[in-house]
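Student: Residue strings, one per chain:
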Amino acid sequence: MEIVLAILVGCLFAISAYLLLSSSLIRLILGVFVLGNATHLMIFVLGRLTRENPPLIEYGLKVAEPGIANPLPQALILTAIVISFSLFAFLLVLSYRAYQSLGTINTDEMRVAEPEPTGTLLRGRDV
Amino acid sequence: MSDLTAWLVVWPVAIPLIGVALTVILWGRERAQTNIGVIAISLQLVSSIVLLQHVWENGPLAMAMGGWSAPFGIAFAADVFGAGLTVAASLVALLVLIYSLADTNADHRRAGFIPLILALMAGVAGAFLTADIFNLYVWFEVTLISSFGLMVLGGRREQLDGAVKYAFLNLLATTFLLIAIALLYGMTGTLSMADLTGKVAALPADSPIEIIALLFLLSLGMKAALFPLHFWLPAAYHTPLPAVSAIFAALLTKVGVYSLIRVFMLVFPDGADIAREAMIWVAVATMIVGALGALAESDIRRVVSFTVVSGVGVMVGGIAIGTEAALLGTTFYMIHSIIISAALFMATGMIVRAGGGTRIADLAGLYKGAPFLAVAFLLCGLSLAGVPPFAGFWPKVYLVQAGLEAGAYGIVAGILISGFLTLMLVGRIFALVFWRAAPEGAPAVASDGGAVMKGTLGALTILTFVIGVYSAPVVNASGRAAAELFAPDAYIGVVLGRSAQADAGGVEGPGARP
Amino acid sequence: MNSLILRTAVPALAGLMLLFSIYVLLRGHNEPGGGFIGGLIGASAFAIYTIAEGLASARRALIVPPITIAGVGLFLAAISGIVSLLFGDAFLTGQWWFPAFNPDLKYFSSVVLFDIGVYLVVVGAISGIAFALEERE
Numbered sequence: 001m002e003i004v005l006a007i008l009v010g011c012l013f014a015i016s017a018y019l020l021l022s023s024s025l026i027r028l029i030l031g032v033f034v035l036g037n038a039t040h041l042m043i044f045v046l047g048r049l050t051r052e053n054p055p056l057i058e059y060g061l062k063v064a065e066p067g068i069a070n071p072l073p074q075a076l077i078l079t080a081i082v083i084s085f086s087l088f089a090f091l092l093v094l095s096y097r098a099y100q101s102l103g104t105i106n107t108d109e110m111r112v113a114e115p116e117p118t119g120t121l122l123r124g125r126d127v
Numbered sequence: 001m002s003d004l005t006a007w008l009v010v011w012p013v014a015i016p017l018i019g020v021a022l023t024v025i026l027w028g029r030e031r032a033q034t035n036i037g038v039i040a041i042s043l044q045l046v047s048s049i050v051l052l053q054h055v056w057e058n059g060p061l062a063m064a065m066g067g068w069s070a071p072f073g074i075a076f077a078a079d080v081f082g083a084g085l086t087v088a089a090s091l092v093a094l095l096v097l098i099y100s101l102a103d104t105n106a107d108h109r110r111a112g113f114i115p116l117i118l119a120l121m122a123g124v125a126g127a128f129l130t131a132d133i134f135n136l137y138v139w140f141e142v143t144l145i146s147s148f149g150l151m152v153l154g155g156r157r158e159q160l161d162g163a164v165k166y167a168f169l170n171l172l173a174t175t176f177l178l179i180a181i182a183l184l185y186g187m188t189g190t191l192s193m194a195d196l197t198g199k200v201a202a203l204p205a206d207s208p209i210e211i212i213a214l215l216f217l218l219s220l221g222m223k224a225a226l227f228p229l230h231f232w233l234p235a236a237y238h239t240p241l242p243a244v245s246a247i248f249a250a251l252l253t254k255v256g257v258y259s260l261i262r263v264f265m266l267v268f269p270d271g272a273d274i275a276r277e278a279m280i281w282v283a284v285a286t287m288i289v290g291a292l293g294a295l296a297e298s299d300i301r302r303v304v305s306f307t308v309v310s311g312v313g314v315m316v317g318g319i320a321i322g323t324e325a326a327l328l329g330t331t332f333y334m335i336h337s338i339i340i341s342a343a344l345f346m347a348t349g350m351i352v353r354a355g356g357g358t359r360i361a362d363l364a365g366l367y368k369g370a371p372f373l374a375v376a377f378l379l380c381g382l383s384l385a386g387v388p389p390f391a392g393f394w395p396k397v398y399l400v401q402a403g404l405e406a407g408a409y410g411i412v413a414g415i416l417i418s419g420f421l422t423l424m425l426v427g428r429i430f431a432l433v434f435w436r437a438a439p440e441g442a443p444a445v446a447s448d449g450g451a452v453m454k455g456t457l458g459a460l461t462i463l464t465f466v467i468g469v470y471s472a473p474v475v476n477a478s479g480r481a482a483a484e485l486f487a488p489d490a491y492i493g494v495v496l497g498r499s500a501q502a503d504a505g506g507v508e509g510p511g512a513r514p
Numbered sequence: 001m002n003s004l005i006l007r008t009a010v011p012a013l014a015g016l017m018l019l020f021s022i023y024v025l026l027r028g029h030n031e032p033g034g035g036f037i038g039g040l041i042g043a044s045a046f047a048i049y050t051i052a053e054g055l056a057s058a059r060r061a062l063i064v065p066p067i068t069i070a071g072v073g074l075f076l077a078a079i080s081g082i083v084s085l086l087f088g089d090a091f092l093t094g095q096w097w098f099p100a101f102n103p104d105l106k107y108f109s110s111v112v113l114f115d116i117g118v119y120l121v122v123v124g125a126i127s128g129i130a131f132a133l134e135e136r137e
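Chains as they are written, first to last, in the numbering used here: chain A, 1 to 127; chain U, 1 to 514; chain X, 1 to 137.
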């Protein structure tokens with residue numbers, strides 16, 4: 001089972017790398033999202049997979065029986081999902097606003113903050 | 001654990017968080033928000049000074065959150081390094097906050113300027129004080145989310161443009177950080193940095209430690225703006241409000257450098273040779289590229305952004321040298337850089353205000369209308385370049401000395417060349433912006449900044465001068481921080497040991513669960 | 001969105017979702033559930049209400065601005081961590097109070113307070129985002 005999930009994680013990383021190399025904002029957003037999901041799945045696999053033994057302590061016991069699933073990865077993944085969810089929401093709003101105000105979703109054309117050099121560096125006569 | 005002193009390590013994080021809650025409840029009431037903001041950051045400063053004093057006298061201090069002992073629970077821990085940086089960060093944040101009162105308008109404050117600054121400070125203090133590597137990632141994200149909000153505050157076109165690049169690159173960096181943490185967890189089964197030290201050392205020799213160390217270098221280097229991943233910083237830092245740029249430049253890259261030091265001193269104290277070798281060349285390239293970029297720029301705010309990049313190179317150069325003396329220099333340089341980056345961005349904001357533009361070609365003759373600003377900028381610039389008797393001189397002396405002793409001639413050359421280039425840069429900017437005569441018929445200086453801006457900039461200038469002249473306290477503190485980083489037994493012991501006590505006393509917490 | 005079916009169904013549906021979200025919040029004390037997932041369900045109730053009835057009536061239904069709800073939640077969560085200071089425990093240590101009249105009641109604890117805080121933060125923040133997105137349409 002681990003090997004299947006490991007291959008899946010690899011595929012997701014490949015997809016996100018492909019998407020992130022694009023210059024379209026939409027593809028970038030999707031790439032970041034897929035990258036986040038690949039990472040979450042990777043945490044899940046790295047926490048070792050255990051079947052049919054939920055990490056719950058039986059009633060009356062103070063310590064769980066050995067052999068239960070690792071309860072930590074789901075906590076880590078939940079934290080990471082919450083964070084990536086809020087960042088994803090922010091990125092969506094930001095990209096939409098950027099599209100409204102800059103009129104493009106092509107990152108190569110976003111040159112407002114970094115205009116192309118126009119040769120107006122100071123020359124001798126200015127000094 | 002009835003030991004209330006351990007709470008000292010929580011307050012620098014908890015106070016700004018409560019401030020965020022209160023200011024968010026009072027959304028729209030700018031005056032109350034501003035008061036709460038100033039009080040919260042002041043309290044944060046006071047609590048971190050008390051923490052530093054305690055740590056200085058009694059050694060590292062730790063507290064296990066919720067009584068769940070490390071390595072299973074999350075612990076906060078402070079040593080001189082973390083506590084000292086928290087003091088420097090909250091001091092500069094307080095000054096920037098006061099400066100921002102004159103810099104922001106009602107619209108900015110209505111859009112949540114104060115809550116965002118407080119959240120940023122909670123995140124920065126949390127990153128400096130946590131002893132859990134996943135928790136470090138969470139604090140990174142807290143700073144990141146609030147910095148996104150601050151970045152777009154005002155919503156001008158170039159801000160949105162800069163924010164897009166800033167957001168994507170930083171989001172990628174933290175995702176890579178998460179990947180590195182996940183791989184480390186998968187191999188060792190622990191997330192507590194104190195526990196990781198022993199667990200990583202005990203791993204079999206064929207473990208892919210090198211890869212993980214390189215991933216940490218990649219992700220944290222991206223956060224810290226190391227060459228060749230520095231390009232997002234000059235693309236974004238010049239777009240937000242000057243006060244926001246000041247606090248970003250002062251703190252965000254430093255959090256990245258801090259985490260690099262923690263990871264490479266605590267998690268990978270040995271080994272990770274490829275990452276360390278890479279760090280040397282990356283650091284040298286960052287210093288030079290930053291300084292050259294600053295010289296080539298024609299927009300004054302971007303010039304200052306590039307000097308931040310150059311400074312990051314110097315700090316990481318110290319980590320790459322890797323001796324105790326070098327870490328002393330790096331710690332000192334971090335404190336110096338927190339002060340000077342904020343001061344320079346504040347001064348630049350005032351220059352733009354005074355001259356009415358950001359292009360150096362359009363700025364001229366500001367000395368006449370704003371002499372105070374001119375002098376403060378010159379002094380801060382000299383401190384940045386590392387000219388005695390300012391604070392920027394000493395860390396470079398220690399770093400160069402440590403580099404010569406360790407035979408790291410590349411880094412020594414890098415520090416000297418970048419210092420020389422920075423000095424040229426400061427002279428060029430001063431001559432063009434302040435000294436050269438304004439063209440005939442040019443409008444008079446619009447504003448010299450007003451008392452609040454001048455006061456805060458003056459305070460930082462005096463601070464960098466005083467630290468330069470009377471450097472013994474900072475040198476001692478940096479030396480102590482470096483010594484503790486090289487002998488982390490006390491830190492590890494207090495995170496794992498004290499929390500064992502907390503476990504004995506805090507059993508009723510988890511155990512009482514019906 | 002102008003759909004008769006949606007507008008008829010949504011008031012009942014949103015109310016049920018809110019009720020369910022509180023059930024999930026309290027259930028989370030000892031069983032799967034909790035503040036975050038409950039908050040998400042609560043926020044979806046407001047989101048679906050916004051889609052059906054429009055932004056203005058959704059804002060009216062929420063009475064206070066969403067950001068204030070999030071602020072109150074964050075404040076409750078922070079306070080629940082500091083409660084343990086009074087008992088000399090570490091930050092965020094759970095404190096329980098079992099009332100004399102019914103010692104089996106397990107809901108009077110700082111842990112539940114923290115969960116309620118999380119619930120409010122999530123409801124406030126997510127419905128705030130949903131409103132903001134709806135506003136730009």
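Hints listed in this document are in silico derivations from the structure and should not be mistaken for laboratory results. Every value quoted in this text rests on a predicted model; they were computed, and no experiment measured them. The C-beta atom is built at its ideal place from N, Cα and C for all residues, glycine as well. Take these hints with a grain of salt, some might be off.
Here are the computed distance ranges between Cβ atoms for each label pair [claimed, not checked]:
| no. | chain 1 | residue 1 | chain 2 | residue 2 | range |
| --- | --- | --- | --- | --- | --- |
| 1 | X | I22 | A | A75 | 17 to 27 Å |
| 2 | A | I68 | U | G198 | 19 to 29 Å |
| 3 | X | F98 | A | G67 | 48 to 58 Å |
| 4 | U | G493 | X | L133 | 47 to 57 Å |
| 5 | X | L19 | U | G450 | 32 to 42 Å |
| 6 | A | G67 | U | G186 | 17 to 27 Å |
Student: If a hint holds in the structure, say so; if it does not, say that too.
Tutor: Each hint tested on the structure:
For the pair I22 (chain X) and A75 (chain A), the beta carbons lie near 23 Å from each other, so the given range of 17 to 27 Å is met. Range check, I68 (chain A) to G198 (chain U): about 25 Å between beta-carbon atoms, so the 19 to 29 Å window is met. At roughly 33 Å, the beta carbons of F98 (chain X) and G67 (chain A) sit outside the given window of 48 to 58 Å. The hinted range of 47 to 57 Å is satisfied by G493 (chain U) and L133 (chain X), whose Cβ atoms lie roughly 50 Å apart.
Checked against the hint of 32 to 42 Å, the pair L19 (chain X) and G450 (chain U) fails, with Cβ atoms roughly 55 Å apart. Distance hint for G67 (chain A) and G186 (chain U): a CB-CB separation of about 19 Å, consistent with the stated range 17 to 27 Å.
When held up to the earlier numbered hints, the structure conflicts with 3 and 5 and fits the remainder.
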